[in-house]
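Protein chains in written order, with our numbering: chain C, -9 to 101; chain S, 9 to 123.
No lab work stands behind these hints: they were computed from the structure.
Be aware that one or more of the hints could be misleading.
With a straight-line Cα cutoff of 30 Å, these simulated DSS-like cross-link-like pairs (lysine-lysine) come out [what the hints assert, rightly or not]:
#1 LYS86(S) <-> LYS32(S)
#2 LYS57(C) <-> LYS46(C)
#3 LYS32(C) <-> LYS32(S)
#4 LYS76(S) <-> LYS32(S)
#5 LYS46(C) <-> LYS32(C)
#6 LYS100(C) <-> LYS46(C)
#7 LYS76(S) <-> LYS86(S)
#8 LYS32(S) <-> LYS57(C)
#9 LYS76(S) <-> LYS100(C)
Derived list of chain C stretches under chain S, where covered just means 3 residues or more per stretch with a C-beta under 8 Å from a C-beta of chain S [said to hold, decoys possible]:
#10 30 to 43
#11 92 to 101
None of the values given here were measured: they were computed from a predicted structure.
Where is the CB? At the ideal position from N, CA and C, for every residue including glycine.
One letter stands for each residue in the lines below.
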Amino acid sequence: QKEVEQNSGPLSVPEGAIASLNCTYSDRVSQSFFWYRQYSGKSPELIMSIYSNGDKEDGRFTAQLNKASQYVSLLIRDSQPSDSATYLCAVDNNAGNMLTFGGGTRLMVKP
Amino acid sequence: DAGVIQSPRHEVTEMGQEVTLRCKPISGHDYLFWYRQTMMRGLELLIYFNNNVPIDDSGMPEDRFSAKMPNASFSTLKIQPSEPRDSAVYFCASSSRGVNAGELFFGEGSRLTVL
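Take these sequences, add in the hints, and give me the full structure.
Structure below.
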């Protein structure tokens, strides 16, 4: 069983809609959770980090964490075609110094 | 400030040849990570260094892979001999104070094709 699981997609949403991306993880002691965005042919870049249960908002992005359910999600409001990319969920190890990445969810925002 | 610099960007080689990938981390970053990305397996951590010392190499696939960090500004990942299944994009990333405290900064990657 993979340690970090994501639906590979593609997830297709119309422009202006809310895109909801989900991630589950297996290591209960993980403390830090990250969402990276990767455009085709480019390297991953960090867009959100979250460390405690609840919601964290940054512009059009909201990360949600539920440690009891071992579940992390990313909501993108008012989706734009420029948001079309692969979104990678990443979880730290219990020593807090290395990340395990999920396989990524490909998001397509259609004009 | 320059980001993480990797070379070469693209490498095409034949099975059995030695491949050396290079990375210059961001100045001041004390963690360096080598990742491999494929369609089938996603982004996998191969090895990481802290203050030039290898900390965890459990992700290195086999003895054909080796990595060094002779100083704070340079690291290499070597594959000898290379095989077609090694074809992937290899990313180098650096960070300060480990991932708990901040983000990983990735280089642009080295796309390796082994024929």
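Against the structure, the hints come out as follows:
Between the alpha carbons of LYS86(S) and LYS32(S) the distance comes to roughly 15 Å, so the proposed pair stays at or under 30 Å and holds. Straight-line distance between C-alpha atoms of LYS57(C) and LYS46(C) comes to about 14 Å, which keeps the hinted pair within the 30 Å bound. For the hint linking LYS32(C) to LYS32(S), the alpha-carbon distance of about 18 Å falls within 30 Å, and the restraint holds. Restraint check for LYS76(S) and LYS32(S): the C-alpha separation of about 12 Å stays at or below 30 Å, so the hint holds.
At most 30 Å may separate the alpha-carbon atoms for a hinted pair to count; LYS46(C) and LYS32(C) meet this at roughly 26 Å. Note on LYS100(C) and LYS46(C): the hinted pairing holds, with a Cα-Cα distance of about 26 Å set against a maximum of 30 Å. Restraint check: the Cα-Cα separation between LYS76(S) and LYS86(S) comes to about 9 Å, which is no more than 30 Å; the hinted pair holds. Note on LYS32(S) and LYS57(C): the hinted pairing is violated, with a Cα-Cα distance of about 36 Å set against a maximum of 30 Å.
A C-alpha spacing of about 45 Å is found between LYS76(S) and LYS100(C), which places the hinted pair above 30 Å, so the restraint is violated. Counting residues of the region 30 to 43 of chain C whose C-beta lies closer than 8 Å to any C-beta of chain S gives 6; at least three are required, and the coverage claim holds. Interface restraint, the region 92 to 101 of chain C with chain S: holds (3 residues with C-beta to C-beta distance below 8 Å; minimum three).
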